[in-house]
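Heads up, the sequence shown is in numbering that gives the first Met the number 0, so the first residue is 0 and it goes up one at a time.
Errors might be hidden in some of the hints.
Computed list of lysine-lysine pairs in DSS-like fashion (alpha-carbon distance at most 25 Å, straight line) [stated by the list, open to error]:
hint, residue 1, residue 2
1, K41, K56
2, K67, K56
3, K56, K37
4, K49, K67
5, K67, K37
Simulated restraints on C-beta separations [said to hold, decoys possible]:
hint, residue 1, residue 2, range
6, E86, K37, 17 to 25 Å
7, E46, V117, 33 to 41 Å
8, E46, Y22, 34 to 42 Å
9, E85, I24, 32 to 40 Å
10, I17, I121, 13 to 21 Å
Note that these hints are calculated values from the structure, not bench results. None of the values given here were measured: they were computed from a predicted structure. For every residue, glycine included, the Cβ atom is placed at its ideal position computed from N, Cα and C.
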Amino acid sequence: MKGLIMERVPIEFEGYRINSIDYSIYEEGLSEDKDKGKLQVKSLLTEDRKNAQLIIKTTVNDENNNRKLIIELSGFFTVHDIERAEEFLSVNGVAILFPYVRSVVSIITSLDNENAVVLPTINFTKPSSE
Numbered sequence: 000m001k002g003l004i005m006e007r008v009p010i011e012f013e014g015y016r017i018n019s020i021d022y023s024i025y026e027e028g029l030s031e032d033k034d035k036g037k038l039q040v041k042s043l044l045t046e047d048r049k050n051a052q053l054i055i056k057t058t059v060n061d062e063n064n065n066r067k068l069i070i071e072l073s074g075f076f077t078v079h080d081i082e083r084a085e086e087f088l089s090v091n092g093v094a095i096l097f098p099y100v101r102s103v104v105s106i107i108t109s110l111d112n113e114n115a116v117v118l119p120t121i122n123f124t125k126p127s128s129e
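With these hints in hand, go ahead and build the complete structure from the sequences.
Next comes the structure, spelled out in structure tokens:
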């Protein structure tokens, strides 16, 4: 587009992979998962800080349907703002990758029965009150 100045984005999303999915059915009342709803995030940077991998892991315990899902995804990024890489990955990177986590959780749980689990949307730019 003529006259449009394109500013380089601080991080560029290159894609994602599903690292692992652990889906299980349990007998009613037997789930004792303490990590239910917990979102774990880990970021890895190459030595030159130009590429990054963001790993998100979450546990979904659907007590109404006696099932548990543990999923881990990796997102891959090119880093253009090396000085603020961690900052952009922890907020923007997670915000980019989390919808893929939500989608995979919904798809996997919908294959088992008609009650798909839909994770809530999360605003990663606001501090959590929990």
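Practice item. Hint by hint, work out which the structure violates, then give me just those numbers in ascending order. Key: Going through the list in order, the structure violates hint 4 alone and respects the others.
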